[in-house]
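Kindly produce the complete structure, drawing on both the sequences and the hints.
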Amino acid sequence: MNQANKSSLRVRKKRQLDAAKVKFFDEHGGAILLALQTANHAKESEIKQLKAEAVERERIMKEQAELNALMDAALYVNARLREIKQMFEGEKK
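Residue numbers (my numbering): 1 to 93.
Calculated from the structure, these hints are not laboratory results.
Just so you know, not all the hints are guaranteed correct.
Listed next, with one range per pair, are the computed distances between beta-carbon atoms [what the hints assert, rightly or not]:
| # | residue 1 | residue 2 | range |
| --- | --- | --- | --- |
| 1 | Glu-56 | Arg-15 | 56 to 66 Å |
| 2 | Gly-30 | Leu-70 | 53 to 63 Å |
| 3 | Lys-62 | Asp-26 | 51 to 61 Å |
| 4 | Ala-54 | Ile-84 | 39 to 49 Å |
| 5 | His-28 | Glu-63 | 30 to 40 Å |
| 6 | Phe-25 | Glu-58 | 22 to 32 Å |
| 7 | Gln-16 | Arg-57 | 29 to 39 Å |
| 8 | Lys-62 | Ile-84 | 25 to 35 Å |
| 9 | Leu-75 | Ile-47 | 34 to 44 Å |
| 10 | Lys-14 | Ile-47 | 39 to 49 Å |
| 11 | His-41 | Gln-16 | 32 to 42 Å |
We put the beta carbon where it would ideally sit given N, CA and C, even for glycine.
This is how it looks when you write it as structure tokens:
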């Protein structure tokens, strides 16, 4: 009999807990869902912003690489022009 009472008590407690869970989610489920949706939207906005920043950084890096290549070419041409100038100055003398 004592064992049956303990078992019955456990079953009642579990049912009460289940009922409390259902009541909690009935009362607060909408607010929880709204909070999760808001957090999700904020994260999506943050990800979108980070992607845009990454695209901008990539564009800037590409432009910087192009500028560096142009500067290298200008330095090369300048050095060759100096050599040609020195050759002509040597021929004039």
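Hint check results:
1. Glu-56 <-> Arg-15: 56 to 66 Å: holds, 58 Å
2. Gly-30 <-> Leu-70: 53 to 63 Å: Taking Cβ atoms as reference, Gly-30 and Leu-70 lie about 60 Å apart, which means the hint holds.
3. Lys-62 <-> Asp-26: 51 to 61 Å: holds, 55 Å
4. Ala-54 <-> Ile-84: 39 to 49 Å: holds, 45 Å
5. His-28 <-> Glu-63: 30 to 40 Å: violated, 52 Å
6. Phe-25 <-> Glu-58: 22 to 32 Å: With a Cβ separation near 45 Å, Phe-25 and Glu-58 fall outside 22 to 32 Å, so the hint is violated.
7. Gln-16 <-> Arg-57: 29 to 39 Å: Since Gln-16 and Arg-57 have Cβ atoms about 57 Å apart, the given range 29 to 39 Å is violated.
8. Lys-62 <-> Ile-84: 25 to 35 Å: holds, 33 Å
9. Leu-75 <-> Ile-47: 34 to 44 Å: This hint holds: roughly 42 Å between Cβ atoms.
10. Lys-14 <-> Ile-47: 39 to 49 Å: holds, 42 Å
11. His-41 <-> Gln-16: 32 to 42 Å: holds, 37 Å
The structure fails to meet hints 5, 6 and 7 from the earlier list, while all remaining hints are met.
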